[in-house]
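Student: Protein sequence lines, in the order shown, are assigned to chains A and B.
Taken in order, the first sequence gives residues 3 to 192; the numbers are from this note's numbering.
Taken in order, the second sequence gives residues 44 to 291; the numbers are from this note's numbering.
Watch out, some of these pointers could steer you wrong.
Stated by the list, open to error - Quick list of in silico lysine-lysine cross-link-like pairs, BS3-like style, CA-CA up to 25 Å:
{"#": "1", "chain 1": "B", "residue 1": "K55", "chain 2": "A", "residue 2": "K184"}
{"#": "2", "chain 1": "A", "residue 1": "K26", "chain 2": "B", "residue 2": "K85"}
{"#": "3", "chain 1": "A", "residue 1": "K173", "chain 2": "A", "residue 2": "K183"}
In short, the hints are calculated from the structure, not lab data.
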Amino acid sequence: MTKEPHPDTRLVEALLTNNSLVIKEIYRDFFPRIKAMIVRNNGSEDDAYDNFQESLMVIYNKAKTSDFVLTSSFYAFLYGISSRLWLKHLRKRYGKEVTFNEDLEFKDDFDLESAIFLREKRQLIREKFGVLRERCRKILHLTIMERKSHQEVAEIMGFANSDVSKKEKSKCKSRLVALVKKDPRFDELR
Amino acid sequence: MQLKAIEMANDKEKYERLERYLAGAMTAEERSAFEAEIAADKELQTDLELHQEIETTLGDRGEAALEATLRKMRPTASPKVRRFTPWIAAAATIALLITVYFVWTPGTTTELSPIASYLSEAPMDLTVLGDQEATLDAAQQAYNTGDYPAALENLQLFLAISPEHESARIFAARAAIATGEYATALEILDFFNGRSSLNIEEATWLQALSLAGMERWEEVRELLRALQNATTPEIREKAATLARSIPE
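In isolation and in its complexed conformation, chain B is listed as follows (with noise of 0.2 Å):
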């Protein structure tokens, strides 16, 4: 027990050093002992390039990008909108019913993004308990107020914890097209490609608005194609009105 204990906090210091070099924060004459340290001994090798490798991998957010790019080229991956059994289409309209039934008056604090007069104005009207309940809330006052990048920030917090909760996630999608982020609406939306979802045409017209924003047209027609027979008519009708804008 008391062996367990000793190795726990040799780890523990370990760790501690092995961050405070990665960060620069050690004198030179820690660095150098450390680095001798660390040519003697392979395991602490192990760990350090391990440690690089943990910073590169979560901070690089273009590997998740050119991933959906890449399933988007795929053709039996491309978003489609799925054909609706009617217990589902009937969901997917009270849903709608209820969104809409709130009237929205934000106090805009941002500037808007060209593409952000397609957006829904439904406002964010999310519930969650426990330990999120907070990033939640912050998420929605800031939404709700027309603070987009609070919002957003906020949002991605919560997603990076509840990564399953499809409303939070389309709420983000609004946000990063409303601040004009079209890349990281992608991002987001990716999580929708290939599932079952009651979101799936929400999720497919924002994606389509994301990449009106970054002007790829060819994309932004295939899926606006899928959405002409949408069963959500505000979606269908700003659909047309996008597919009539897009330049020839």
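Excised from the complex, chain A in its bound form (with noise of 0.2 Å):
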């Protein structure tokens, strides 16, 4: 059965696009509650703003996946991310045995754990990438940011061919992964 996106799909699609005006309704109308829920649960008014961003963030990649459709309103959605993001903060801050006084029961069919997860990894890889060096972030850069050919690459870069770029490119993503992978963080997000 097909699912039918919910009206506030265009609260969404104002993420995707960033669409200045629409995303200052999403704050005017839903920041006062989840600060609300953040401040009733030991958070700031800083936590707060913090944690509604990276929530935004999460349901931009969540968004971005090709199977996403909003089903309920956006409000459930933001909630059931935003919670479990403070949650897993207060969990790094005070340790494993956390009380929140939340209902984390969220009826929808979205997977929220893996969306955070999802934003999560994206993060450790942008991270990773900084670590890369100069010459493979330029290559990666070129390749993968700017969508140059091989042959604009080598031409760029001063390789022979375009088939060493091929395998230039090849090798810096490979480190990449690999940078990743070692993270310790990498695990749990899997």
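Assembling the complex is the task here: the two chains are given apart, and the hints tell you how they should meet.
Tutor: Laid out in structure tokens, this is it:
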């Protein structure tokens, strides 16, 4: 059975298109409630802003996946992510045993934990990209971010031909893969 | 030692195959054999997913742009003009005088965005030694002859490797604005948000111009208000001119 998109899908689309007017609307309508939840649970206003922004980024990442359809209200989805992120944060701050005075039940078919993991995995990839050697960052920048052809990359980088460019990209990517896999956080995100 | 060399060669071969698989460069036969291998090998599955995720993550420019927008909406993190201490103000003034000393007569080869008339006419005159020299030279050559798309391309390449180079960042943002790539300019300038920098006024001004190009007038007004007391006269005057031309 095909899932019917919820009318709030326009809010998700606003995140995907970086529509600042609608994003302001999201802040106006939902931030006070998220802030109240955070403050009720040992957080400050600053924590609430961090949590709210991070939750919207999780939604953005989730919405980029091909099979995503928003079937609940935006707030229900946001609240589900936000409360889980906050619980995770509290566990890190205070250790494993944390009493959370919120209802984490979220009756929907979104896999909220996997959405959060996806965001964390992407942050880890970006972080490790930053520690690659200059040359590799340049090659990956040209091939992935700038979407240059291997022939163009070969010309820019002074490689003999596009085959060398392909091999170099593969090497750099494998280094990045190795760095990500080596990080202890990666095992938690699998 | 020999075992290590064999492992490395195997890894290299594995990654090359993954790349070929993802690029759709395998024959049907190779593809189905490789898929059978993936199905049987959990580690290979993880590698494949990670390879795909790297392409998606690094190729997604929207994520950084959204992060920048969200940061701007946070009251404490909105771009502000810092109150300069006297020595910083003096240094900024000297830097400005050095910049305006040069007379710039570009041979414009690209169509400029409507907002480009607000940009400083200072030529690009940066020096860097080492690997990045050629990229910066190419950017400079392009910028100073009015080929802004090429300047932007080279400056972005340069910044990918030297993200802390603030002057290059400023010129990259100018080039982006000149070509009408306002969202790109905002991404480039996001670096200055919340930072203590001599270039903060210029960065704020360029953010205002980018937002003006996108007709995000409310945000433009907010930034221009912050520039009312800018220490750089040129920015202060241009900001006032732009403020007067904002549609009601």
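Student: Each hint should be assessed against the structure and marked as holding or not.
Tutor: Status of the hints after comparison with the structure:
no. : hint              : verdict
1   : B:K55 <-> A:K184  : holds, 17 Å
2   : A:K26 <-> B:K85   : violated, 43 Å
3   : A:K173 <-> A:K183 : holds, 15 Å
In terms of the numbered hints stated before, the structure departs from hint 2 and from no other.
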